[in-house]
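Trainee: Mapping of the sequence shown onto the numbering used here: position 29 corresponds to residue 35, and the numbering continues sequentially without gaps.
All clues stand as given, with none of them false.
Restricting the straight-line Cα-Cα distance to at most 20 Å, the calculated cross-link-like pairs of lysine to any residue (SDA-like) are: (1) LYS132 with ASN84; (2) LYS118 with PRO72; (3) LYS118 with GLU108; (4) LYS118 with LEU82; (5) LYS51 with GLU81; (6) LYS33 with GLN15; (7) LYS51 with GLN15; (8) LYS178 with THR158; (9) LYS118 with THR105; (10) LYS118 with ASN84; (11) LYS178 with ASN111; (12) LYS33 with LEU8.
Rather than coming from a laboratory, the hints here were simulated on the basis of the structure.
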Amino acid sequence: MLNIGITGQSGFIGTHLYNTLALDPEKYTRIPFKNEYFTTNVKLKTFVQQCDVIIHLAAMNRHNDPQVIYQTNIELVNQLIQALEDTNSTPHVLFASSTQEERDNQYGQSKKAGRYLLEQWAKKNKAWFTGLVIPNVFGPFGNPYYNSVVATFCHQLTHREQPRIDIDTELKLIYVGELVAQFINYIGIQDSENVADVERKL
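Whenever a hint applies, use it, and build me the whole structure from the sequences.
Mentor: Right, dumping it as structure tokens:
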């Protein structure tokens, strides 16, 4: 039996993952997470102490000021690391990064830096760490204009709006159900993989 906590549990990917884990209650116990834990140090510490596995999904991906995105995402990682350090907790941490790591934007750079910080924490504390580099995710309950370009295009087409392509490039996609299966697969691997290229492994 593994105790699994998901930061960003209420988000698009987090909801799918949380609900899927519930299908195997004899194997997984879900440790509830609320976004407010990042503003309440005691609650965050209590959360990490209960977990054998933490999947860090919580992140900001849109804001008018790109620097706010970077600072917020790095701060979330640092808060998680601090809670782990303060409680001497060494769960297997899985981090949701993005193929935008290699792009020149603050979201991608925050993901790359966050993955590096957690990798260093794991090495220092002899803990397991898996950094998943994830392409664009689509599937049920994706929010248009927020977390899924596919949802945005579908919304525009069904509302007789004209879809607009801001950057004409190849778009790599993964269905949310397949991504959840990858997370569950890595949960069961008692090892570290600093860069798990989800796109390549599908």
